[in-house]
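Each residue of the sequence shown is one higher than the last, beginning at 35 in my numbering.
Just so you know, the hints here were simulated from the structure itself, not pulled from any lab data. Careful: at least some of the hints might be erroneous.
Here are the simulated lysine-lysine pairs, DSS-like style, with alpha carbons at most 27 Å apart [as the list claims (entries may be wrong)]: (1) Lys253 with Lys243; (2) Lys185 with Lys99; (3) Lys286 with Lys253; (4) Lys253 with Lys185; (5) Lys99 with Lys243.
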Amino acid sequence: MAALRTLRQLKIVAPRLRLASAPLARLPLLAAVKPSARLFSVSSCSRAAGSATTDLATTLREELKYEVEQTEEANQEIPPFLAEFEEAGVWTIADTPGNDEVFVTRTFGDETIRAMFSIADLQALEEEDMEAEPEAEAPPTELRVSLSITKASTPGALTLDLYCSEGALQPGTVTFYPDASLATDLTIDADFKRRTLYSGPPFETLDTKIQEAFEAFLKERGIDSSLAFFVAEFAQWKEQREYVHWLEGVGKFIQA
């Protein structure tokens, strides 16, 4: 992924008008001064787009051209890794252009399994690794994935906080909700209620046998290395596409 260029912050500093204190005898002189139509016209013209706007528009066009030329896969509507994932027919992808979050869902028996991840996590990872040399085609590490499992015949829901790390999905916590809506609703109210409930012990503190049993449970449902690699690749692909669209939108607005 191409590094983001730093755009100069534009500041327009308006001149400050100072009214000096004056004796009362001179107040009528100040009151007699009236702004002319010509002065108003000059002030209006001084606020028109200048060289700073032109420079910004040019820089955005250059960045857009570079990103389009250097990231061929991001410009493909369906890159090979995505076509392969969709052809498998196991998971369904819900991706809304312009949104950070992506959902993949599947069924397993009477279970509905939903995994959610956000490309916003990539920016935080890039900031942490900015000083390190990036590896070619290396997927991001510790990309957070929120997994929920519900059953049509049984109340409640199981949620897991997973992290993409070195081609695997590593559990962080396992939480059970008696009310399934608390696990699946994306409302502010539901999020507040989740914060007040016991989220379960850290996965790494569980007995080794329990950890291994949970890992086998997840693998049986396709929550494995293949899903981890897909999440990492899709997040990178989508983030690049969203960045290009952002450059296009901002550039058009600036030039209008």
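The hints, checked one at a time:
1. Lys253 with Lys243: 15 Å, holds
2. Lys185 with Lys99: 48 Å, violated
3. Lys286 with Lys253: Violated, because 46 Å separates the two Cα atoms, which is more than 27 Å.
4. Lys253 with Lys185: 18 Å, holds
5. Lys99 with Lys243: 53 Å, violated
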